[in-house]
Amino acid sequence: DAKTTQPPSMDCAEGRAANLPCNHSTISGNEYVYWYRQIHSQGPQYIIHGLKNNETNEMASLIITEDRKSSTLILPHATLRDTAVYYCIVRVKTGKLIFGQGTTLQVKP
Amino acid sequence: DTEVTQTPKHLVMGMTNKKSLKCEQHMGHRAMYWYKQKAKKPPELMFVYSYEKLSINESVPSRFSPECPNSSLLNLHLHALQPEDSALYLCASSQVDMGFVNTEAFFGQGTRLTVV
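Each protein sequence line maps, in turn, to chains R and D. Residues 1 to 109 (the numbering used here) are what the first sequence spells out, left to right. Residues 1001 to 1116 (the numbering used here) are what the second sequence spells out, left to right.
By construction, these hints were calculated from the structure, which means they are not laboratory data. Note that beta-carbon positions come from the ideal geometry of N, C-alpha and C, so glycine has one too. Wrong hints could be hidden among the right ones.
To be verified - Covered by chain R, per the in silico footprint, the following chain D stretches (three or more residues, Cβ under 8 angstroms): (1) 1023-1029; (2) 1045-1053; (3) 1079-1092.
Said to hold, decoys possible - 25 angstroms max Cα-Cα, derived DSS-like pairs, lysine-lysine: (4) 1019(D) with 108(R); (5) 1041(D) with 108(R); (6) 96(R) with 1018(D).
Just chain D, with the same shape it has in the complex:
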């Protein structure tokens, strides 16, 4: 099973709403990632978790708050977003062996977020 499952698939939220994106994997991977992808652009790394601890934050605004409650789950909490935050949000996971370099990452299908 090489599946990374993201829910919901689509989300529309207002600028004053609070919502969460969820990501789940059962491959025993100990690294999990959030990416943001705008239309016709490559995915941009947002956060990396390693062994349930935040290891990389790519200077993401605080209105995006990641959480890794256990080794299989990754959440992205959203609050006070702007219309320009509308994008495809992708989750990925990988092993951490050999310092990441020799481990492929598997991606979910993403959550299409629209902020109105």
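Only chain R is shown next, with the shape it has when bound in the complex:
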């Protein structure tokens, strides 16, 4: 199963864009990149996913490099409520959704 690597922690100023990187160099051609976040003691919340094109929804944008070996999640205007652990996951065909260690994003006033 493709493994992901994320920085353990990041800070972001409130109102600024938060850019969260993820490496997934062993990703296969038909595997999607998913992003989830988990706010303390709650269940993980789906944010966005993509295959090779950039994606945008009401929560975030996902930028995937042309070789698909890395991606960046962008929260355009971070708020204090965006403080959470962000997980980058490669979704495999068997149905497994395997969480890595994630990035703890701290949004500061």
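Given the structure of chain R, go ahead and fit chain D onto it with the hints provided.
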């Protein structure tokens, strides 16, 4: 409605007790999942059900017994647990279209289990 409902929210059980965790969704999803999450760790996959059949068991000890009685319900039966099994147990569901890869999973809020 994108809600996955788990009950109970909190559970304390003794090591000789038998208890069950319940999970319900009404999104028409045909895949359901159990995860275990220890404090300050990422969720760990335990089981995957697809069309009410167990498709993945991540070598989970037999004291955890999953059951999928119908397409909306998922249970996790617990028996003879150890204190180290204390954790947040999360349920999730998703579609099975395109072999899972292009379908987001929705998570419940979890059951906080304490084994004493």
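The hints, checked one at a time:
1. 1023-1029: Result for this restraint: violated, n = 0.
2. 1045-1053: holds (count 3)
3. 1079-1092: Holds: 3 residues of the region 1079-1092 of chain D have a Cβ under 8 angstroms from chain R.
4. 1019(D) with 108(R): violated (42 angstroms)
5. 1041(D) with 108(R): holds (23 angstroms)
6. 96(R) with 1018(D): Violated. Residue 96(R) to residue 1018(D) sits at ~28 angstroms, over the 25 angstroms cutoff.
The structure does not agree with the numbered hints 1, 4, 6 stated previously, though it agrees with the rest.
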